[in-house]
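Number of protein chains: 2
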Amino acid sequence: MTGSDLPSWTDGPAERAVRAFVAAATTAGPAFIDVADRIAAFDNDGTLWSEQPVPPQFDFVFRRWGREVAADPSLAGIQPYKALVEHDKAFFARVLAQDPETITALLSAFGRSWNGVTPADFDAEVRVWLETVKQPKFDKPYIDLVYRPMLELIEFLRSHDFRVFVCSGGGRDFMRTFAEETWGIYKENVIGTAADYRYVDGTIVRTDSVLGGLDIGPGKPEHIFAQTGRLPVFAGGNADVDVEMLESAKFSMIIRHDDDRREFAYTSGAERALGRAAVLGWTVVSIAEDWSTVFTGGR
Amino acid sequence: MTGSDLPSWTDGPAERAVRAFVAAATTAGPAFIDVADRIAAFDNDGTLWSEQPVPPQFDFVFRRWGREVAADPSLAGIQPYKALVEHDKAFFARVLAQDPETITALLSAFGRSWNGVTPADFDAEVRVWLETVKQPKFDKPYIDLVYRPMLELIEFLRSHDFRVFVCSGGGRDFMRTFAEETWGIYKENVIGTAADYRYVDGTIVRTDSVLGGLDIGPGKPEHIFAQTGRLPVFAGGNADVDVEMLESAKFSMIIRHDDDRREFAYTSGAERALGRAAVLGWTVVSIAEDWSTVFTGGR
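Heads up: the protein sequence lines correspond to chains A and B, in order.
Sequential numbering from 1 applies to the first sequence in UniProt numbering.
Sequential numbering from 1 applies to the second sequence in UniProt numbering.
Treat the hints as calculated values from the structure; they're not laboratory data.
Any given hint might turn out to be false.
Identical copies carry no separate label here, and so any pair may be met within one copy or between two of them.
Result set (DMTMM-like, lysine to aspartate or glutamate): computed pairs, CA atoms no more than 20 Å apart in a straight line [stated by the list, open to error]: (1) Lys137 with Asp59; (2) Lys187 with Asp34; (3) Lys250 with Asp201; (4) Lys137 with Asp258; (5) Lys82 with Glu271; (6) Lys187 with Asp161.
Treat the numbers as computed from the prediction; the structure is a model and nothing was measured.
With the sequences and hints as input, model every part of the structure.
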C-alpha cells in the first residue's frame, strides 16, 4: 500500500501505521471518521522542524533581547535577560517543565519587546530573521530544516479530507509569518501561544498580555478545542509538553530524535512522552529508521 | 452578470455590488485579492437569521435562567434574573450598548449556568431547544428563520475561494452546535463570545470565565484577527456592534430590516451603523427590495 505520496518515508512500521489508520478512517466500517471530525494537529518545534540547539523562535527572541540588553544594560540584572547573558540553560529548561515563575518572567519580557507592534511590523522582523540567521550545526536558515517527511504527511492527510492544524507552545504570530509558504497551511490553522491584540483607530495592535494561556501541556487540547470546537483525531508531537494533545487523539505519533548524523539524538524533555507512547501504543517515528530524507533543504 | 447562484436576490444594486466586488477581487487587476487574504466575516443575529423579538440565543438562555429561578427564587432579586422576571427590556438593551456593568452581570450568570459542563452536554441542551422551541411571530423553529439569500451568498463567496467565518457577539459554542448542518461552515470558522475550557482527566470541561472578551464592537476585528491572523476583506452585519468589523473590511454590507410583513422592520440598535454605511459607502441590503425569498423555511 506504499506509494509515492510519502516518498521520504521508508516502508516501515510508522508509515504502515499511518496508512492503516487513514485507510480505516476513510472507509465505511467501525473505524470510519466523519469528514467533519477529521482534525489533525501537529506540534512544531522538534515535530515539523529541528529544535536543537534551541527552538528556532528562541534564537529569534534571544537576538532581540540581546539588542535590548545592549541598549539598556540594567536589564542584565533581571530575568530572563540575566539567564540569557549568563547562558543559563537551566532557566530556559524550566519553561518546558512548565514552571510558573519562569513562565511569568518570559511572558513579561515578550510583552515588553512587542507591546504596541502591528502585525505587519512583527511579520517584517520575523522575515529578516528567517532570511539572515543560520542554524549553527547545519549552517542553513532554520526554514531549510523543516522535515520533508512531515510536509508529505500533512499533504497525505489533507488529500484524505483531514484539516491539518499546527499547535505549538511557540508563538502563534511567529509561526503564521511563514506557515502558508512553508507548510501550505493557512494562518487560521496555526494555533500557538498568542499575544492579545486591540483594534484601535482601524488598526490591530499588540498588547503586552497573553490571550488564553500557554499552549503547552493541557493547554494544547484546550487551544485546539477553542480554535476548532473539537479535539484532534490525529496528533503528532515529540516532547513532554505534547502528552495531553497526544492523549486526546485517536491516532498519536511521536518523533524520536535518534539520528545524530543527519539531525540530532536526544531524549531530554521527551522522557515522559516516550513512556506514555510505550504504554498507550502511540506510533514512534524514528528519524534514523523511518525517514529516508530528513530536511526540505530549500525554501 | 446575474445567475442562478444567487437566486433569492433580486437583480438590484446590492446584488450587483457584491458581484462587482467579487469579480474584481478574483480577476487580475488593481483590485485583485490574493486567495490567502480572501476572508469573509458575517455577524449572525439579524444578519444570518432573525433577531426579533430577541436574538434566538436569548430565548435559549432565558428559558434556562427561568428554570434556575424556579428552583431558587432568591435569584429573582439579583441581575440578570431580576430583569428577566420583570421583563425589563431596557436592561438587556444595555448589553448591545456595551455597558460594562450589565455585561459583567450577564457573564457571571452564564458562568453559573454552564460551569463544569462538557461540550457534548451543552450541544445536547442546544439541540433540544432547536427542536422544540418556536419563534412566536412565525410559529416556526428558529433554525427555519435563517436567511436563504445569505446562505446563497456564503456559497457564492466560497465558490470564489473566500473562506467564510461567522463572527457574532453570541456564544461561539451555541453557534457551533448547528453551524455545519445549517450554514455549511465548519465549527472552526465560527467565532463568537467564548467560554474558557480546561482539559481535565482527558476531557474538555467548561469553566465560569470568558476567553478573550466579548465579541462585539472592536472585539469583532480582534476576534477575527486572533482566529485567522487577518482582518476580513468582506464583511456583513446589521447593527451598531458590527461597525468596527465592517470598517475593517474592503467590502462591507449591512442588512436593513425594512420588511415588517415578511420579517421585521426596525432600526433600533443600528442607527450608528446605518449612519456609517451612508458615509463610507457600504452596500445596504434592503430585505424588502433585495431579497425575493427571505427564509430557508426548513432545516
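Broken hints, numbered, in rising order?
Hint 5 alone not satisfied by this model.
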